[in-house]
Amino acid sequence: DVDEDNFPSVIAPQHLADIFNAAPPFAGPSIEEMFYKVTNLLGAKPLLAD
Amino acid sequence: KSSLNVKAQKAAHSKSLIWEPRVAASQSYQTLYTTCHQGFEELCQLDSRFAHFQATIFGEDSQTQDRNQLSPAENQELDKQIDAFLRLAGARLRLMPAIKAIEWLIRRFRIHEENTSALIKTFLPFHSIPAFATLLSILPAKIPAEFRFLDPYVRSQTSPPRSVLVHQAVHHPELVTLYSEYTLESCRMQFQHPALISFWAGLLTEAVSGILDRSRSGRVAVQKDNDQALLHRLGPIFAEALVMKKVPALQIASYMALAVFVAKGNLEDVAVTAFMEQTVLGWTNATVRPALVSLVIMAQHRSAKQMSSKVTKALLKISDIGPLLVEIGQERRVDKLANGLCLALVERFTKKCDSRGLPTIMAILESRILKDKQIAVIFKSLLLTALKLDDGNDKDGALRRELGSALIALSQTTGESGEVIQSVIRDVDFDIEELEMKLDLSFRSRH
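Chain order of the listed sequences is L and H. Just so you know, we're using the working numbering here: the first sequence kicks off at 1 and counts up by one. Just so you know, we're using the working numbering here: the second sequence kicks off at 51 and counts up by one.
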């Protein structure tokens, strides 16, 4: 049973850098907000959208 | 020769974060102490944990304490005090009182020369502010090897941009290990602050992504070695950060870097499963939602279908796990975690006579977060489970009644999920009537 979905994600380095460069660490959003910004770059769209 | 010594001493004494060299050179320790101690007192008002240092590096006696006169053991103890103070002061570096207090340590204990690495690490999250450039300007000519990449900025006395730090971390991952260890130690001491954790999180996340990108450009065999080396480097860091329940921000920061690592890293199942199990081992009410999102991402990159028993048990403890997964599933693919959880829950039904998972299975099956094929397999295995139950393994028939009403409810599901379930009911090659008899319920007659 080959899993057709199991391949590594691709993230454009610039997208990641943009998130962290937006503000210095002492003035940026909470770590939880950063978490959601980064994870939004990862993973496929929901199945509902198919 | 003695005049040379005096000159050298004066030059050394002129290194300051606050004053021009000429002014600094002429200051007595007494004057300095008075000014700097004021800063220290203000810090104590902001955070009572600073008061501890009144007995040592900020005591009256410190005015006459000369490193050269101290024994190696005493110097070691001094370094310990300085290290702890700097970690605690890290949170306040943008405030003048902190700069004044650190000024005392620079002038009295020459921490810019004797504790250079600790001092740079404290200031690194603030690399963009002028105080960092000032710090660089007073460092000794030869700074510790791990920070020598900052030499051009030492010479030009300018603040390094973030990209320089990230580039260094990608090309010399020792920096990632070094700064992770520094951050973890601050957290162990409960001396962490938001800027430190945010800075570390960003550096680690971008470094992981960059290191993986670099490794992809090589031959496959080399890629595997590099990935393994990165796993060895980061594994222990994640293992500790993920379970540090007293520092939720550190946990969330590590979920972020870990999600990138697993999503891009092409890791073996055994590593992904271990990371998933560490995640659920450490999560708390304060971190469970981001932890779950991270878990969902990791599951998408794992090839085994069923969730491990540790992950299943932890998910079962979240009271609304089904609706929560459905909610996260509105934004991203969650099918592998949801599917793997359902399979594990169905297995618990027969193996442990544990029906607690039924509401979760139903919430997931009735939603649109699974693929049709996954819905069909889970529903079919529920039917098979119903067939396997009899007076032997279900004495009072409670499991059969529960499962029976669940199957009826599912058979009445409308929409696309309902269609898949209907087709399974039509296609199953076992005897539906026997199942009905066993369950003493009829769900076919209702259609």
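By construction, these hints were calculated from the structure, which means they are not laboratory data. Don't take every hint at face value.
Label pairs and their in silico Cβ distance ranges [unchecked claim]: (1) A123/H <-> P29/L: 44 to 52 angstroms; (2) Y36/L <-> Q95/H: 31 to 39 angstroms; (3) V56/H <-> Y36/L: 17 to 25 angstroms; (4) P244/H <-> P8/L: 41 to 49 angstroms; (5) K45/L <-> S213/H: 49 to 57 angstroms; (6) P71/H <-> K45/L: 56 to 64 angstroms; (7) P8/L <-> A105/H: 32 to 40 angstroms.
Here are the simulated DSSO-like cross-link-like pairs (lysine-lysine), alpha carbons at most 27 angstroms apart as the crow flies [what the hints assert, rightly or not]: (8) K296/H <-> K37/L; (9) K421/H <-> K45/L; (10) K295/H <-> K37/L.
Among chain L residues calculated to face chain H with C-beta under 8 angstroms, some are [stated by the list, open to error]: (11) S9; (12) I11; (13) P13; (14) A17; (15) L42.
For each residue, glycine too, the CB sits at the ideal point set by N, CA and C.
Here's how the hints hold up against the structure:
no.: 1; hint: A123/H <-> P29/L: 44 to 52 angstroms; verdict: 45 angstroms, holds
no.: 2; hint: Y36/L <-> Q95/H: 31 to 39 angstroms; verdict: 36 angstroms, holds
no.: 3; hint: V56/H <-> Y36/L: 17 to 25 angstroms; verdict: 60 angstroms, violated
no.: 4; hint: P244/H <-> P8/L: 41 to 49 angstroms; verdict: 31 angstroms, violated
no.: 5; hint: K45/L <-> S213/H: 49 to 57 angstroms; verdict: 30 angstroms, violated
no.: 6; hint: P71/H <-> K45/L: 56 to 64 angstroms; verdict: 60 angstroms, holds
no.: 7; hint: P8/L <-> A105/H: 32 to 40 angstroms; verdict: 54 angstroms, violated
no.: 8; hint: K296/H <-> K37/L; verdict: 24 angstroms, holds
no.: 9; hint: K421/H <-> K45/L; verdict: 13 angstroms, holds
no.: 10; hint: K295/H <-> K37/L; verdict: 23 angstroms, holds
no.: 11; hint: S9; verdict: 4 angstroms, holds
no.: 12; hint: I11; verdict: 6 angstroms, holds
no.: 13; hint: P13; verdict: 7 angstroms, holds
no.: 14; hint: A17; verdict: 7 angstroms, holds
no.: 15; hint: L42; verdict: 5 angstroms, holds
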